[in-house]
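Visitor: Protein chains in written order, with UniProt numbering: chain A, 1 to 247; chain B, 1 to 247; chain C, 1 to 247; chain D, 1 to 247; chain E, 1 to 247; chain F, 1 to 247; chain G, 1 to 247; chain H, 1 to 247.
I should point out that these hints are in silico values taken from the structure, not numbers from a laboratory.
Keep in mind the model is a prediction, meaning the values are calculated, not measured.
Some hints could be false.
Unchecked claim - Short derived list, chain B residues pointing at chain H, Cβ under 7 Å:
| id | residue |
| --- | --- |
| 1 | GLY55 |
| 2 | GLY154 |
| 3 | ASN227 |
| 4 | ILE228 |
| 5 | ASP229 |
We put the beta carbon where it would ideally sit given N, CA and C, even for glycine.
There are 8 protein chains.
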Amino acid sequence: MDIHELLLKVKNNEIDLSEAEKTLKKLPYEDLGFAKLDHHRMLRSGFGEVVYCSGKSTEHLVKIFQSFNEKNINIMGTRASKEQYEAINALMPEAEYDEMSRIVKIMRNVPEQTGLIAVCTGGTSDIAVAEEAAQTAEFFGSRVMRVYDVGVAGIHRLLSKIEDINKANCIVAVAGMEGALPGVIAGMSHKPVIAVPTSIGYGANFNGLSSLLTMLNSCAEGIAVVNIDNGFGAGYMSTQINRLAVQ
Amino acid sequence: MDIHELLLKVKNNEIDLSEAEKTLKKLPYEDLGFAKLDHHRMLRSGFGEVVYCSGKSTEHLVKIFQSFNEKNINIMGTRASKEQYEAINALMPEAEYDEMSRIVKIMRNVPEQTGLIAVCTGGTSDIAVAEEAAQTAEFFGSRVMRVYDVGVAGIHRLLSKIEDINKANCIVAVAGMEGALPGVIAGMSHKPVIAVPTSIGYGANFNGLSSLLTMLNSCAEGIAVVNIDNGFGAGYMSTQINRLAVQ
Amino acid sequence: MDIHELLLKVKNNEIDLSEAEKTLKKLPYEDLGFAKLDHHRMLRSGFGEVVYCSGKSTEHLVKIFQSFNEKNINIMGTRASKEQYEAINALMPEAEYDEMSRIVKIMRNVPEQTGLIAVCTGGTSDIAVAEEAAQTAEFFGSRVMRVYDVGVAGIHRLLSKIEDINKANCIVAVAGMEGALPGVIAGMSHKPVIAVPTSIGYGANFNGLSSLLTMLNSCAEGIAVVNIDNGFGAGYMSTQINRLAVQ
Amino acid sequence: MDIHELLLKVKNNEIDLSEAEKTLKKLPYEDLGFAKLDHHRMLRSGFGEVVYCSGKSTEHLVKIFQSFNEKNINIMGTRASKEQYEAINALMPEAEYDEMSRIVKIMRNVPEQTGLIAVCTGGTSDIAVAEEAAQTAEFFGSRVMRVYDVGVAGIHRLLSKIEDINKANCIVAVAGMEGALPGVIAGMSHKPVIAVPTSIGYGANFNGLSSLLTMLNSCAEGIAVVNIDNGFGAGYMSTQINRLAVQ
Amino acid sequence: MDIHELLLKVKNNEIDLSEAEKTLKKLPYEDLGFAKLDHHRMLRSGFGEVVYCSGKSTEHLVKIFQSFNEKNINIMGTRASKEQYEAINALMPEAEYDEMSRIVKIMRNVPEQTGLIAVCTGGTSDIAVAEEAAQTAEFFGSRVMRVYDVGVAGIHRLLSKIEDINKANCIVAVAGMEGALPGVIAGMSHKPVIAVPTSIGYGANFNGLSSLLTMLNSCAEGIAVVNIDNGFGAGYMSTQINRLAVQ
Amino acid sequence: MDIHELLLKVKNNEIDLSEAEKTLKKLPYEDLGFAKLDHHRMLRSGFGEVVYCSGKSTEHLVKIFQSFNEKNINIMGTRASKEQYEAINALMPEAEYDEMSRIVKIMRNVPEQTGLIAVCTGGTSDIAVAEEAAQTAEFFGSRVMRVYDVGVAGIHRLLSKIEDINKANCIVAVAGMEGALPGVIAGMSHKPVIAVPTSIGYGANFNGLSSLLTMLNSCAEGIAVVNIDNGFGAGYMSTQINRLAVQ
Amino acid sequence: MDIHELLLKVKNNEIDLSEAEKTLKKLPYEDLGFAKLDHHRMLRSGFGEVVYCSGKSTEHLVKIFQSFNEKNINIMGTRASKEQYEAINALMPEAEYDEMSRIVKIMRNVPEQTGLIAVCTGGTSDIAVAEEAAQTAEFFGSRVMRVYDVGVAGIHRLLSKIEDINKANCIVAVAGMEGALPGVIAGMSHKPVIAVPTSIGYGANFNGLSSLLTMLNSCAEGIAVVNIDNGFGAGYMSTQINRLAVQ
Amino acid sequence: MDIHELLLKVKNNEIDLSEAEKTLKKLPYEDLGFAKLDHHRMLRSGFGEVVYCSGKSTEHLVKIFQSFNEKNINIMGTRASKEQYEAINALMPEAEYDEMSRIVKIMRNVPEQTGLIAVCTGGTSDIAVAEEAAQTAEFFGSRVMRVYDVGVAGIHRLLSKIEDINKANCIVAVAGMEGALPGVIAGMSHKPVIAVPTSIGYGANFNGLSSLLTMLNSCAEGIAVVNIDNGFGAGYMSTQINRLAVQ
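Construct all of the structure, not just a fragment, from the sequences and the given hints.
Guide: Right, here's the structure in full:
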């Protein structure tokens with residue numbers, strides 16, 4: 001029984017008033033019309049579902065994929081191992097796997113790509129995380145420009161690309177080691193920069209802590225940071241921003 | 001001598017070719033036309049200048065304010081002490097001071113406020129940082145909705161406001177202590193959330209470290225984090241996003 | 001010789017006074033009647049023994065199980081590997097193993113379950129720790145209600161369950177990542193909340209440190225925290241509280 | 001307009017059905033009868049209100065006290081400075097101040113004290129935090145037994161008190177330096193122990209971190225931990241537990 | 001040429017004075033009579049040599065053992081893997097291995113054991129480290145009393161042993177988890193306590209950090225701490241102290 | 001009623017047996033003759049009492065001093081502020097104060113000094129902590145040799161003193177900054193070294209953490225560490241060791 | 001089209017002035033003659049290229065080696081696994097591998113070695129990192145003196161070598177555990193010391209953090225630090241310094 | 001009696017051989033000709049002495065200055081407070097004070113400045129530390145070029161100066177906040193870079209930890225790091241390197 005029915009019954013005297021009041025208070029929240037709690041679903045509407053594969057049992061993961069697959073919607077699994085992919089692929093041969101980004105995908109319909117997001121990396125080792133960001137953005141319908149290996153230790157590479165980068169609505173800057181890239185880009189751009197520290201490095205890098213702190217302390221304006229190695233988070237947020245720009 | 005003049009001289013044979021080449025390489029970069037390096041200035045165009053007051057000597061700070069003031073542009077000083085304000089006010093009586101946010105301002109012309117940014121806080125102690133964010137956004141021409149004291153320890157307060165919050169183009173969520181607010185908001189919104197940890201707390205809060213980590217580890221999608229107490233950074237980035245939406 | 005005998009001898013002049021005094025001082029403490037030191041044993045009376053399996057050699061572990069088994073009492077082993085279970089099962093076929101919680105049990109008699117404890121988790125990955133808590137509570141005779149996957153990133157799921165949760169005498173709230181669940185529950189309940197941070201997460205989670213700090217810094221009232229992944233500790237303490245309520 | 005009125009109007013055809021539905025969805029949550037969100041208020045019913053004074057401006061704090069005072073309910077302010085007390089006392093001469101615990105109170109009616117909570121400290125320097133816990137518990141109607149300065153460096157003092165301590169329904173154990181007290185007590189008791197680390201110490205104590213870690217890592221069963229110096233939190237939670245036992 | 005010879009040559013005019021001076025300055029330090037730099041060798045005299053095996057290649061380790069073995073002196077290898085032992089044993093069948101402490105030994109002559117050192121542990125998991133301490137002390141001629149599994153979570157076990165423990169000249173107290181044992185022992189003894197934190201634990205134990213901090217912050221007098229898991233260091237230092245007492 | 005009396009009554013049938021048994025179990029522990037718990041008091045016997053002044057209220061501190069003073073025993077207060085000294089001195093003019101070590105003393109009888117302890121520092125800034133160690137050792141009857149400012153950055157200073165240092169029964173090595181002194185001394189001595197990290201330093205010293213870690217990780221044998229700045233602890237423990245050597 | 005050509009066209013009126021200006025601004029930076037950005041390449045001129053192998057796929061790594069190899073230049077790969085070496089060696093049999101330092105090299109022409117760099121280690125376990133430093137320096141044409149196993153726990157070994165060490169233009173000091181070596185050397189030398197902390201150690205070493213902090217806090221003058229285990233960085237910088245001395 | 005005299009006596013039979021041998025071994029090290037231990041003094045020869053003022057009592061500091069002053073040598077005091085300067089200046093009016101760098105100096109003769117060191121800062125707040133470096137280098141006879149406020153958030157400022165910076169023999173790069181400057185400079189230079197993190201920043205800067213980690217993790221080659229705020233250390237080491245280049 002939803003609210004409409006309930007009110008109808010009240011109107012028609014088919015239900016006692018105190019009974020109606022009590023029922024109303026016991027309904028699950030979403031039944032009360034809290035569609036507003038689900039607004040963010042709209043972002044995904046027509047795009048598909050995302051599954052975080054790491055730590056899930058293969059059996060469980062395959063079942064999730066099958067369930068979505070039967071509904072004919074796009075599915076993207078992040079941080080999938082090759083073993084997980086192979087189990088999925090055995091049953092759903094249309095599944096594709098990208099070893100670099102560890103993304104497994106079943107694309108029923110490829111969304112149109114609009115706007116522009118620039119995804120940049122400091123080094124080649126950061127590309128795995130960057131691809132998670134880029135492919136997430138593309139999955140949700142953003143156009144992505146990749147600008148890889150433009151780290152600050154050889155700043156001229158970055159300088160020669162900055163004009164292109166600035167054409168994007170939002171910039172995702174991915175870097176490990178000292179993590180200086182996002183700050184340098186933000187200093188040369190007026191577009192919002194989503195900074196992604198990676199765990200690439202050794203010694204006093206402390207598994208990405210060094211890059212994380214660098215990015216949080218950047219003197220440049222227009223930069224915000226996501227968790228270490230969180231390419232998905234950066235891809236998602238940059239899509240939110242990109243969509244604001246193109247709508 | 002700028003590039004145009006130089007090329008003219010080359011054209012007119014008034015300068016030796018190798019000499020021109022050498023001169024060209026020695027010009028400061030900006031003279032080479034690297035306006036692209038200054039794109040972010042455009043954000044501020046027509047809005048004014050921002051000065052980080054903390055740690056600056058009063059004498060030095062007053063001089064900066066006077067220099068901008070003579071050019072008749074808006075000036076906003078962040079993290080200003082009352083003493084700094086008084087020194088500025090003695091010479092520039094039009095300067096205003098907000099003790100809560102520690103912002104000192106001289107507004108020559110109030111910019112039109114467009115779009116919408118929601119600035120939320122978990123508790124009343126976070127309002128100082130939130131005001132730095134809100135007033136920064138307003139300084140650069142964003143319209144701001146303040147939603148204060150809606151922390152997750154009394155979630156019903158937040159729930160009753162969430163529909164309004166979701167009308168904004170970008171949400172700034174400010175919280176100290178456990179710092180859970182931005183994650184909970186992001187879970188109920190499809191707009192990008194800029195999370196600002198504050199140093200409010202004691203004990204195992206470790207001066208904001210706890211809130212910072214909470215925000216970085218949020219399971220919700222669409223959230224990125226700035227430095228502890230960095231209201232200015234959040235206000236600036238949310239304006240960049242807001243502008244993308246309204247332009 | 002216990003105290004009673006000793007005093008009897010004194011009374012009957014069968015022992016020299018100074019000799020009695022000396023003997024008295026040398027008796028092991030427990031012989032002096034320090035049953036009070038063992039009060040907490042009473043909690044377990046009629047329920048059985050718990051063994052922490054991790055790090056114990058298989059040989060040693062099997063011997064412990066056999067020793068208790070021969071006394072016909074219930075035994076619960078926590079953090080048992082499959083190998084450990086198999087070695088136990090080979091000799092004691094009545095042993096059962098739950099892969100999720102890594103608990104191996106031999107239940108001679110199932111205790112009556114009284115009162116009510118709610119065990120909640122933020123995500124599905126936290127269920128392993130939650131089950132350790134839930135099954136510990138059940139082992140010691142508590143009735144347990146499981147409320148899993150109600151994390152704050154989708155707060156409506158939690159809201160629709162909160163009335164049920166509040167019926168429990170004590171709430172165990174298990175969460176990894178940002179660890180905000182216990183604080184949000186405590187804000188909506190007047191029952192004591194035992195918070196369990198888990199090591200689920202990556203990057204700036206630092207193996208559960210982030211969740212731990214979040215829980216310690218919660219603004220909500222009525223929350224206390226156990227060690228990261230310490231499901232057993234939470235199950236035990238919630239049983240102590242539950243028993244106070246039902247006795 | 002509350003729900004009852006609204007339903008009445010529906011029943012009496014005084015309101016359009018779709019209008020009623022819309023109104024219903026827009027009502028603040030609490031108006032929807034979410035008294036369940038406020039269950040924890042019940043704990044305080046008849047006891048009064050608590051205010052965290054630290055960081056609040058004197059002006060603001062005095063206003064809060066006056067507002068509660070006019071309603072004739074008990075008020076307790078924690079972490080109040082002497083200056084804050086004096087400002088309150090100037091207007092409300094019935095306000096009392098305890099310098100040790102930094103609590104300022106206006107007690108309109110002293111609640112009956114039921115059950116029993118034991119509040120123990122390792123050293124004399126921990127008494128400030130312990131008193132915050134004890135007086136909080138008393139404010140909410142718990143009977144409190146104080147057992148101070150029984151730290152583990154002189155274990156015989158604790159041993160001679162343990163039988164008394166075990167008579168309580170819940171034990172609050174407060175300790176700085178190495179913080180071993182709660183674990184030792186839990187090893188000798190079957191009652192739940194709320195452990196409170198304090199920031200008392202120097203050097204490798206790191207402002208209470210050492211005590212905090214000790215308590216979280218205790219091998220003893222039946223112990224959970226609150227934030228460093230959080231006497232109020234321990235007092236509140238022990239009252240929740242005590243009330244379960246006496247009701 | 002040693003100093004004596006040199007001076008003799010000077011005396012006998014067999015060497016030029018400036019030449020003698022130059023030679024003198026170039027002699028390796030030890031040749032200058034810095035036997036004092038080697039005083040600590042005396043501790044080992046007649047006892048043998050100790051080798052830290054961890055991280056050494058098998059080939060290299062075997063060679064070291066052979067070299068000492070040929071000189072007919074006792075050898076003790078700490079932190080030896082089973083593989084390392086087997087390689088040694090293949091060539092030197094008299095080598096013995098203790099899996100618990102990971103010590104491999106070749107004892108040519110068993111030293112007389114004098115004085116008394118008590119080696120205590122909190123739990124059974126700490127015995128590996130305790131045995132490294134105990135066997136090191138024995139290797140260098142100390143008599144050792146083992147008092148294992150007397151952790152503070154069941155304090156009566158410790159209390160019943162404390163009189164025996166106090167008979168030792170020096171106490172080695174080994175504990176993981178919360179690490180409270182050494183402080184409690186020091187509070188009941190007037191003998192110096194060498195505290196050894198172990199890495200036994202999980203979660204907020206942070207690989208022994210918790211135990212280490214507990215021990216450093218102990219309120220008890222007469223306690224000093226060695227590195228996490230450093231049984232050898234504790235065994236060595238306690239022997240130094242024991243020898244001062246018996247000489 | 002002590003044990004002797006009680007047993008006498010039993011013997012004389014003046015008390016019921018079950019009554020005697022019950023009384024026995026209720027006696028405070030110390031009354032049961034647990035003098036063994038107080039063995040460490042023996043160290044102090046004839047020497048006096050030590051008071052940790054920091055954080056104590058002046059009023060409270062003066063009272064403690066007066067109470068001991070009336071019993072005509074030596075008193076040493078550590079970490080006393082000048083204000084605390086002055087308050088003590090006003091009533092007990094025989095009190096002496098050493099600003100460097102912040103020790104306030106009332107010496108009724110100067111104990112004979114036996115054995116030898118060497119107290120060494122790396123720099124001159126470490127002398128405050130070193131003096132706390134040295135004067136503590138002297139207070140308890142140890143002879144002390146001071147060897148200050150022999151840090152490893154100018155190793156020749158240390159080398160020229162090492163022969164003297166090695167004459168001591170125990171060495172206290174105090175160092176801030178990088179904290180390398182104790183390890184270097186231990187490498188040149190066969191006497192036990194008590195290492196005391198100090199909080200002297202800046203930047204990556206992190207208030208003594210750097211020195212602390214250095215000392216815990218020393219490769220040299222025969223070294224154990226006390227808390228940062230804990231001169232008293234080192235002085236006490238070195239006295240325990242020194243006494244073993246001279247008795 | 002480079003600058004020279006462009007200017008020539010301007011001179012010859014073959015290009016429109018505004019067109020020339022526009023072209024100029026769009027040229028990649030390096031085309032603008034920013035050879036100065038590449039000065040550091042000069043260091044390598046005539047020496048060859050260095051590749052960081054760790055984390056690179058074998059396939060990718062082999063391709064890099066082949067590409068350089070075809071140009072007949074020297075190649076050095078650092079942190080290469082044996083598997084990586086074998087894959088390279090299969091195609092380029094002239095490749096050599098050093099298991100200790102994990103360096104794989106193809107040397108077309110051995111550079112003349114000039115100047116002098118001393119590479120010292122505290123222990124034998126630090127040699128792997130030291131060899132990375134030494135062989136890097138040699139690769140770039142520096143003469144290297146190796147002084148291994150001269151740690152401060154046996155200072156006489158270092159003292160007997162210090163005169164030789166001081167003959168170098170630059171000293172690389174490599175140490176794990178407590179990491180005191182570089183500071184002690186700097187105290188006895190007037191040559192710049194590059195300090196390399198290693199991750200050798202256990203417990204409170206925290207993977208090299210302890211050594212790192214020690215070196216940063218050294219009281220000695222003339223010492224600077226590179227990342228934990230960064231032998232390459234030390235070898236490179238010491239070569240820069242050595243070259244300044246010999247040029 | 002020095003070595004020469006001693007040997008002369010031996011030669012002349014004025015001293016017994018065994019007596020000579022014994023005397024020889026007891027001489028302070030430096031008397032044995034360990035001038036080599038003092039080589040680093042040579043750096044200072046003709047330049048003067050440096051005193052670290054922070055933490056020294058005014059009385060003590062003045063005495064040190066007077067003692068050097070009477071010998072007519074240059075003196076430089078680092079980290080001097082204004083009060084310390086004033087006390088020095090009262091007795092030695094020739095003393096000069098620089099508030100920015102907190103250096104107090106008495107220059108008897110200004111040394112010739114040779115070679116070139118570039119001292120760069122990221123922001124204006126880093127200038128205090130940079131000046132300590134620059135003035136230290138000048139004190140020891142290096143020529144210094146100051147390049148301030150060229151942080152990476154506005155990279156064009158740095159780019160326009162890089163050619164000049166590269167003319168130096170050694171570069172000191174000083175930066176707080178994210179600390180990216182040294183890495184960016186090293187990427188554009190082939191000269192050794194001494195990186196100095198400063199404690200300028202807030203929040204997740206953790207008093208310079210962020211900058212320190214950034215610099216240690218730099219991907220650029222030719223960079224080594226000193227302690228946070230250690231301008232003196234950088235000035236000294238850069239002088240050592242500069243001198244190697246100019247000698």
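Visitor: Hint by hint, note whether the structure agrees.
Guide: Quick rundown of the hints versus the structure:
Restraint check, GLY55 of chain B versus chain H: the minimum CB separation of about 6 Å is within 7 Å; hint holds. This hint is violated: GLY154 of chain B has a C-beta 27 Å from the nearest C-beta of chain H, more than the 7 Å allowed. Because the beta carbon of ASN227 of chain B sits about 4 Å from the nearest beta carbon in chain H, less than 7 Å, this interface hint is met. The interface hint given for ILE228 of chain B holds, since its Cβ lies 3 Å from the closest Cβ of chain H, which is under the 7 Å cut-off.
For ASP229 of chain B, the interface hint holds, the least distance from its beta-carbon to any beta-carbon of chain H being 5 Å, beneath 7 Å.
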